[in-house]
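Number of protein chains: 6
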Amino acid sequence: MPIFKPIEENDAKGKVKEIYDEIKKVRKITEIPNFWKSLANNPETLERTWTSLQQVMKKGALDPVVKELIYVAVSVTNGCEYCVKSHSLAAKKKGATNDMINEMIAVVGMANETNRLVEGYQVEIDEAYK
Amino acid sequence: MPIFKPIEENDAKGKVKEIYDEIKKVRKITEIPNFWKSLANNPETLERTWTSLQQVMKKGALDPVVKELIYVAVSVTNGCEYCVKSHSLAAKKKGATNDMINEMIAVVGMANETNRLVEGYQVEIDEAYK
Amino acid sequence: MPIFKPIEENDAKGKVKEIYDEIKKVRKITEIPNFWKSLANNPETLERTWTSLQQVMKKGALDPVVKELIYVAVSVTNGCEYCVKSHSLAAKKKGATNDMINEMIAVVGMANETNRLVEGYQVEIDEAYK
Amino acid sequence: MPIFKPIEENDAKGKVKEIYDEIKKVRKITEIPNFWKSLANNPETLERTWTSLQQVMKKGALDPVVKELIYVAVSVTNGCEYCVKSHSLAAKKKGATNDMINEMIAVVGMANETNRLVEGYQVEIDEAYK
Amino acid sequence: MPIFKPIEENDAKGKVKEIYDEIKKVRKITEIPNFWKSLANNPETLERTWTSLQQVMKKGALDPVVKELIYVAVSVTNGCEYCVKSHSLAAKKKGATNDMINEMIAVVGMANETNRLVEGYQVEIDEAYK
Amino acid sequence: MPIFKPIEENDAKGKVKEIYDEIKKVRKITEIPNFWKSLANNPETLERTWTSLQQVMKKGALDPVVKELIYVAVSVTNGCEYCVKSHSLAAKKKGATNDMINEMIAVVGMANETNRLVEGYQVEIDEAYK
Numbered sequence: 001m002p003i004f005k006p007i008e009e010n011d012a013k014g015k016v017k018e019i020y021d022e023i024k025k026v027r028k029i030t031e032i033p034n035f036w037k038s039l040a041n042n043p044e045t046l047e048r049t050w051t052s053l054q055q056v057m058k059k060g061a062l063d064p065v066v067k068e069l070i071y072v073a074v075s076v077t078n079g080c081e082y083c084v085k086s087h088s089l090a091a092k093k094k095g096a097t098n099d100m101i102n103e104m105i106a107v108v109g110m111a112n113e114t115n116r117l118v119e120g121y122q123v124e125i126d127e128a129y130k
Numbered sequence: 001m002p003i004f005k006p007i008e009e010n011d012a013k014g015k016v017k018e019i020y021d022e023i024k025k026v027r028k029i030t031e032i033p034n035f036w037k038s039l040a041n042n043p044e045t046l047e048r049t050w051t052s053l054q055q056v057m058k059k060g061a062l063d064p065v066v067k068e069l070i071y072v073a074v075s076v077t078n079g080c081e082y083c084v085k086s087h088s089l090a091a092k093k094k095g096a097t098n099d100m101i102n103e104m105i106a107v108v109g110m111a112n113e114t115n116r117l118v119e120g121y122q123v124e125i126d127e128a129y130k
Numbered sequence: 001m002p003i004f005k006p007i008e009e010n011d012a013k014g015k016v017k018e019i020y021d022e023i024k025k026v027r028k029i030t031e032i033p034n035f036w037k038s039l040a041n042n043p044e045t046l047e048r049t050w051t052s053l054q055q056v057m058k059k060g061a062l063d064p065v066v067k068e069l070i071y072v073a074v075s076v077t078n079g080c081e082y083c084v085k086s087h088s089l090a091a092k093k094k095g096a097t098n099d100m101i102n103e104m105i106a107v108v109g110m111a112n113e114t115n116r117l118v119e120g121y122q123v124e125i126d127e128a129y130k
Numbered sequence: 001m002p003i004f005k006p007i008e009e010n011d012a013k014g015k016v017k018e019i020y021d022e023i024k025k026v027r028k029i030t031e032i033p034n035f036w037k038s039l040a041n042n043p044e045t046l047e048r049t050w051t052s053l054q055q056v057m058k059k060g061a062l063d064p065v066v067k068e069l070i071y072v073a074v075s076v077t078n079g080c081e082y083c084v085k086s087h088s089l090a091a092k093k094k095g096a097t098n099d100m101i102n103e104m105i106a107v108v109g110m111a112n113e114t115n116r117l118v119e120g121y122q123v124e125i126d127e128a129y130k
Numbered sequence: 001m002p003i004f005k006p007i008e009e010n011d012a013k014g015k016v017k018e019i020y021d022e023i024k025k026v027r028k029i030t031e032i033p034n035f036w037k038s039l040a041n042n043p044e045t046l047e048r049t050w051t052s053l054q055q056v057m058k059k060g061a062l063d064p065v066v067k068e069l070i071y072v073a074v075s076v077t078n079g080c081e082y083c084v085k086s087h088s089l090a091a092k093k094k095g096a097t098n099d100m101i102n103e104m105i106a107v108v109g110m111a112n113e114t115n116r117l118v119e120g121y122q123v124e125i126d127e128a129y130k
Numbered sequence: 001m002p003i004f005k006p007i008e009e010n011d012a013k014g015k016v017k018e019i020y021d022e023i024k025k026v027r028k029i030t031e032i033p034n035f036w037k038s039l040a041n042n043p044e045t046l047e048r049t050w051t052s053l054q055q056v057m058k059k060g061a062l063d064p065v066v067k068e069l070i071y072v073a074v075s076v077t078n079g080c081e082y083c084v085k086s087h088s089l090a091a092k093k094k095g096a097t098n099d100m101i102n103e104m105i106a107v108v109g110m111a112n113e114t115n116r117l118v119e120g121y122q123v124e125i126d127e128a129y130k
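Protein chains in written order, with my numbering: chain R, 1 to 130; chain P, 1 to 130; chain U, 1 to 130; chain L, 1 to 130; chain S, 1 to 130; chain W, 1 to 130.
Extracted from the complex, chain R is given alone in its bound form (with noise of 0.2 Å):
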């Protein structure tokens, strides 16, 4: 038995309701993730997390898509499944085609090895970085 369910929608009241209508409206869904379901066990952390997503990931220097794809990065890294499949999809309805998505796991898997290759032969940081 799991130790929190995701809060539907016909049991959201007050401020989970609230939030639970600007979601649909700004992300032009019917539907709640379950991601948002489950943070509403503690409404603090739903409002604080979905005001903090909507400002880190507007469009600003770097394109949405982009942010996007760097989201996605960190989570295979990390390897959260949820966040790779879900993240993946909202990239791709931002407008990343497949061969970009290939092409940023390839550099995640690069950067993966080489982050450990730096780590196994304990490399000094050249002065020019300092």
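Calculated directly from the structure, the hints in this document are not laboratory data.
Incorrect hints may have been included.
Copies of one chain are not kept apart here, so a pair can be met inside one copy or by any two copies together.
Unchecked claim - Under the rule of at most 20 Å between Cα atoms (straight-line distance), these lysine to aspartate or glutamate pairs were calculated in the DMTMM-like manner: (1) 24 <-> 127; (2) 25 <-> 99; (3) 58 <-> 9; (4) 13 <-> 63; (5) 5 <-> 63; (6) 25 <-> 81; (7) 5 <-> 47; (8) 58 <-> 22; (9) 92 <-> 11; (10) 130 <-> 81; (11) 25 <-> 9; (12) 92 <-> 126; (13) 58 <-> 47; (14) 28 <-> 99; (15) 130 <-> 31; (16) 130 <-> 21.
Dock chains P, U, L, S and W against chain R, hints included.
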């Protein structure tokens, strides 16, 4: 006493010397960074990594700047100081602005947070993502 | 076909059987969890882990509930589903409320985020912390 | 040459200056730690992180000392030196004894070990935890 | 709906088909594992990974069995279920006994524990190791 | 100011002194490394870790050299500098050649890469591995 010392340019021979020359030519630099000097302890690893990185980081569906930002995002997640420092600089040289790097770091922070919210609440995968 | 199968209670002999009996008595449970049944493939690992965990998780300067919450915090960070599920339940049995678990998850999320902000900005250690 | 330099107090303006003043007042310190000075390169990240941390680390169902210990536990798991050093000190200031920190470290060690025993043996989730 | 589907053998063409044939011949298997079928979404990644793995995993100063055990050790540390399952099996096929795998898992557990004891106590590097 | 200082040999008493003497005798060294001096802040952790490490790292189905290489492989993956440096040296003392360490690092790099390719493509587990 470290197990491996960087192979200095004066001591490079054969395949190692060839790759050193190629790195300097392709990257338009006059000094080999410590990363390559360390990998040179295993010429096979040096050659394979140099070839692979050129293939993976070349312009494709993704711009080389975006690829460098993804590279740094992974290195930040893994806590690899050398990699963060050297590839942040590489990103800048390829055209990344400080604003772009600031935003990338913000995304990496949020992704690392929400990856753990997913694990903490054991969020189930939505039907739509399967 | 998995390399190792859990050692069922009926098949337990010698030291493994003794430890199974002790686990059931100390933990006041009637069935051995899969974790211990799997470790039983290496009786030395089974015994060492059981002894070590009892020492580390016992009441000390920290309350056993706090220790379980720390345990879950690490498991969430590492993305170990089995560990999150089993130790969240253990925390609850020892008296953790849902509010406590909700707050622990929020701290784990923030710590994982700020750990990466530190790496991203390569924050230098303040004199006061040295 | 690092990409970002800490924003010193004398160079802080507008929102950054306001937050610096608030940090000093709330934390009762006379000097801004490097963490905040680095985040100030992105005023949005500075503000969001400061606001979020105050919300997450405040007294709730969990004592602030316990929250700091959980924070350190995550930072130890991620190998973030700055974070371990600064939050261990924060824990002490809020009342953590050396015994408490010693025990937290022991739990973090064991959790990291058993997380991998679970992965190594591919332990199946017990019916009771589903 | 997943972003990428495995490329089945019947749908493989050109370079992908060639590599599938080589994998089956070299590995003496009749069916391509899902790992390679997934990588085939990016033929460059498929070819590079297949070539690199053959070079890295071949008999050298280390026996192929030892290399597979190291491979599993990393995969256990990263929590990659597919990798643990497939490479544990590969290790067995190359001659690893259950005792060897049991001992490898025990070392991985202890290393993950002591890595964090080092971080928790912020152990300074001894002169002898510098 | 660090929370914990290493317990110097002159200040060691009781159980700590006994274990220091045993470490020097068993390891045939004249000075206690900082790792053990730091753990001595918690005599229980010192004793448990010393006993456990001796059991886990002893000659068994795997050679002690192979066990040290696995230890380093995990430490490289986790980015623990102290652990990489001290256990690489330990591996050498037990007979590892530079070629063996070079090959181990190459395997660690590839495993970290392919672990992420698996996550990136969300590779499904083959029937044969279940």
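Here's how the hints hold up against the structure:
no.	hint	verdict
1	24 <-> 127	between (51 Å within a copy, 17 Å between copies)
2	25 <-> 99	neither (30 Å within a copy, 29 Å between copies)
3	58 <-> 9	neither (26 Å within a copy, 29 Å between copies)
4	13 <-> 63	neither (35 Å within a copy, 28 Å between copies)
5	5 <-> 63	neither (35 Å within a copy, 25 Å between copies)
6	25 <-> 81	neither (26 Å within a copy, 32 Å between copies)
7	5 <-> 47	within (18 Å within a copy, 32 Å between copies)
8	58 <-> 22	within (16 Å within a copy, 27 Å between copies)
9	92 <-> 11	neither (31 Å within a copy, 24 Å between copies)
10	130 <-> 81	between (36 Å within a copy, 11 Å between copies)
11	25 <-> 9	within (14 Å within a copy, 41 Å between copies)
12	92 <-> 126	between (39 Å within a copy, 17 Å between copies)
13	58 <-> 47	both (17 Å within a copy, 16 Å between copies)
14	28 <-> 99	neither (26 Å within a copy, 29 Å between copies)
15	130 <-> 31	between (49 Å within a copy, 15 Å between copies)
16	130 <-> 21	neither (49 Å within a copy, 24 Å between copies)
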